[in-house]
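**Q** Below are the chains, spelled out letter by letter.
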Amino acid sequence: MLAYAVQRIIVSILIIILAVTALFVMIQFVPGDPANVMLGPRATPELKEALRERLHLNDAFIVQVYYFFSGLMQGDLGVDLTSNRPVLGILIEQAPFTASLVASTLLVTLLGIPIGTYAAVHRDGFFDKASGVVSVSLIAVPPIVIGLYLILFFSVSLQLLPAIGAGEGFWEILLHLVLPTLAIGLTWIGYVSRLVRASMIEVLGQNHVKTARAFGIPNQRILRAYVLRVALPATITVLGVSIGFILSSAVIVEIVFSRPGIGKLMYDAVISRNYPVVMGTVLASTVFIVTATTISDLLNVMLDPRTKDEN
Amino acid sequence: MTEHTPLIEINDLAIKFGSHTAVNNVTMDISRGRIMGLVGESGSGKSTLANAIIGLLPYAAQISHGSIHFDGRNLQSFTAQDWGKIRGKDLAYVSQDPMSALNPTLRIGKQMLDIQHFSEQSTTEKLANALAALEQVRMPQAQARLSMYPHELSGGQKQRVCIAMAIMARPKLLITDEATTALDATLEVEIVRLLKELQKDIGCSMLFVTHHLTVVEELCDDVTIMHQGDIKECGTVSEVFSNPSDKYTSNLLTCDPSRIEEKCRRLPIMFNLGLKELADPEIDRKRINNKSRPLLSIRHLDVTFRKPRSLIDILTGKPKQRVEAVKTASLDIAPGETVALIGESGSGKSTLARAAFRLVPSEKGEIYFDGTDLLSITNADMRSFRNEMSLMMQDPIGSLNPRIPVGTSVIEPLIVSEKASGLNLRDEAIHLLELVGLSADFVDRYPHEMSGGQARRVGVARALALRPKMIIADEPTAGLDVSIQGEIFNLLAELRESMSLSILIITHNLHVVRHLADRMVIMYHGEIVETGTTENVIRAPKHAYTKVLLEANLQAKYGV
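Protein sequences, first through last, are from chains W and F. One point on numbering: in this note's numbering, the residue at position 158 of the first sequence is 158, and numbering is uninterrupted. One point on numbering: in this note's numbering, the residue at position 236 of the second sequence is 236, and numbering is uninterrupted.
This is chain W alone, in the form it adopts within the complex (with noise of 0.2 Å):
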């Protein structure tokens, strides 16, 4: 176990260097030099020059992944180009709102376990049919849609919820996140309670709960520990994965919700060249997803025994 983590962690250290320098290459196809847009129409050829420099953008790519990675060891990933305050500081200082959004986005999104469990065990009754259509229809709306009605309806007509910020103090922060929380995870409560239904309804016809059957093990047990424990790892890796859906859906439902965040920040600094900035986000959220689904194999090898035989 311990070795698999370790070489499980290798590689997704080998996965976070070749995304960055992937995206340096991806940066030198963008038009527009960001010296132009810091400095304005009006810097001269000389200015725009020396701040080339500064920023290694005359240099090869492969050569600016360097100093990005050896400032990267040093903890430096460079200064913001319009307020001049080093990116790690800002990243450090909005990487809260966003991981508390994601973080409760994924709480919710867990619903869709039980939801999905019932469903499968009371197979094409009542609330199987009746979640199955609901679910459908909001796996078929997207976050920005679901986001906007949520403001119409709790915060401009029932004015239960604030629509905007995202609050001070424990009670407001928890309160600015439901509408922004809801907007992302309804989607996601039924994507994982359909995924859950079909795994449960395919492990409850196999064999071994069958001989869990004929053996009177009791109902309760045989689905914790013969039905829902080998259908989860299918659910577990979607979930690993969805974390990067849910990090890219948190961009627009930051604007739209004018919640600060990494979303909001990558979204500005993209608009306005700030390549420091932008590698900076960029660099956090590759981080935050790799570590994401590390965590969903190794829990899926924890749940199931085979998988680890299998790498």
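Please keep in mind that the hints were generated in silico from the structure rather than gathered at the bench. Accuracy of the hints is not assured; some may be wrong.
Below 20 Å or equal to it, Euclidean Cα-Cα: the simulated SDA-like pairs (lysine to any residue) are [as the list claims (entries may be wrong)]:
id, chain 1, residue 1, chain 2, residue 2
1, F, K110, W, V209
2, F, K126, W, N300
3, F, K172, F, G33
4, F, K89, F, S31
5, F, K110, W, D304
6, F, K263, F, N553
7, F, K85, F, A132
8, F, K89, W, Q7
9, F, K110, W, P218
10, F, K110, W, N300
11, F, K320, W, Q7
12, F, K16, F, Q76
13, W, K129, F, Y59
14, F, K89, W, D304
15, F, K110, W, Q220
Okay, the calculated bits of chain W under chain F, using three or more residues with CB under 8 Å as the criterion [to be verified]:
id, region
16, 222-230
17, 250-259
Where a beta carbon is used, it is the ideal one built from N, C-alpha and C, also for glycine.
Starting from the known structure of chain W, fit chain F onto it as the hints suggest.
**A** Chain F in isolation, oriented as in the chain W frame:
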């Protein structure tokens, strides 16, 4: 209840799947302390009956009338709680497929603890019970197995775990549903003897569901023969097998190749419950001219697999682990000859066949087909040789695309090898199907509309599409009833004669091999340990493994 009433009394029981009747007015008893064999072909309703006794009928099944009494209690009136009290205590069950019968995510010990949920004992005591049960089924290194996961055990070991779980319950009735079908012959005989011993120890009754007639003779006291949901005959094994009163039973026994003394080129088969073709003892068989040049000649062939290395192994420079699947194998097949390749699972017999097609790379050695060294030619040249040898897949329905009609599947090899131009493909498909005894209307059928035997015929037709010189048939009759098994082998024998095909049969069923193969090749742990004419090998086996194998193929005790 007194000791004289039967343990299970089934009265006029009918079970339906929708409008289809799976079990039709069945009345039978299982006596205390005796082993009842329940025999029938697939689809005869025997598993449905077994499932009804343990109350685990599939969702769609419905008991339409009749009753099952267990130890004097009516099982139909049982609530979920009542079932919970007798399952795993009075009733135990060993399922058909040991590979999937255990929870893949829990350790063996944990699962054996779970089934002792009735007991008030401490975990330590329960673990001791589990260990004792594993030792009773003669599991090697029983203590270590408790902390293993199912995938770390072989098929035979898993089946031992299942049996250990069943006997740990010390049940009044042990139900086994085709518990030995998926096992190799050598393992099957071992498990059957173990079951018999354990049944005596516990003194329980046993319902043994199977389609192996010889296993029933070896193990059971009583036997019930089922066909299409009806009970055809019921009685003690010696009575039923030596003097069957029902026509179906006697035909079934006639069709069993292990009951036919003389070597026969044609096996008897059944048609509408009557015998269609009788065994045809080989009188004037054309001898294969062994001096002619062999069609396929394999010389000193080595096939090695490399296990994939983990990242850490690659970084630390650990060499790849190699598994020798086939070791210096040499084999000749003459034109028109039938050769049987025999060995237990994992002995390398399928790998050897695949290597002959160059589907797996060979390490060393030579493969000559019709005089050409296949290992020295290019991949492009190899394609034309592939057309001359055909592989018949093990799982006939699984190897047909379920969404395209049979007629299209059959001519697929022609299209793939670009030999289809200028042919009327529909006529060609009909011709091929007729060649294997299927009528023209099969062209438009889909795989799910056919029986297992018909699907295998389609497999043969597809193998013949390119007019090959040789067919390799991998377990062509695994899981089939004796009668359909006979049909498929008769078909192969006919084609062998009319088209002078060479046939390589890969199997572990010695009974059919005895009748149909000219020569036998025995493989053991990747090596060919014995070759010879079928008669010689069976009469005077030389290698120790061959002797074990011959012993393991249970002999029929009662003649018809």
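**Q** Between K110 of chain F and P218 of chain W, is the straight-line Cα distance small enough, at 20 Å or below?
**A** 15 Å, holds
**Q** For the pair supplied as a hint, K126 of chain F and N300 of chain W, is the alpha-carbon distance within the 20 Å limit?
**A** 29 Å, violated
**Q** Given the hint that K16 of chain F pairs with Q76 of chain F, test it: the Cα-Cα distance must not exceed 20 Å.
**A** Measuring from Cα to Cα gives roughly 15 Å; hence the hint holds.
**Q** Check the hint pairing K129 of chain W with Y59 of chain F against an upper bound of 20 Å on the C-alpha distance.
**A** OK: K129 of chain W and Y59 of chain F at ~18 Å, within 20 Å.
**Q** Tell me if the straight-line CA distance from K263 of chain F to N553 of chain F falls inside 20 Å.
**A** 16 Å, holds
**Q** For a C-alpha distance cap of 20 Å, please report whether K85 of chain F and A132 of chain F respect it.
**A** 24 Å, violated
**Q** Given the hinted pair K110 of chain F and Q220 of chain W, is their alpha-carbon gap at most 20 Å?
**A** 16 Å, holds
**Q** Can you confirm whether the C-alpha distance between K320 of chain F and Q7 of chain W stays at or below 20 Å?
**A** Roughly 18 Å between the alpha carbons, so the hint for K320 of chain F and Q7 of chain W holds.
**Q** So is the region 222-230 of chain W in contact with chain F by the C-beta rule, three or more residues under 8 Å, or is the coverage claim wrong?
**A** holds (count 4)
**Q** Are the Cα positions of K172 of chain F and G33 of chain F separated by 20 Å at most?
**A** This hinted pair holds, its Cα atoms lying about 8 Å apart.
**Q** Against the 20 Å threshold, does the CA-CA distance of K89 of chain F and S31 of chain F hold or violate the hint?
**A** 18 Å, holds
**Q** Given the hinted pair K110 of chain F and V209 of chain W, is their Cα-Cα distance within 20 Å?
**A** 15 Å, holds
Violation of the numbered hints given earlier is confined to hints 2, 7, 8, 14 and 17; the remaining hints are satisfied by the structure.
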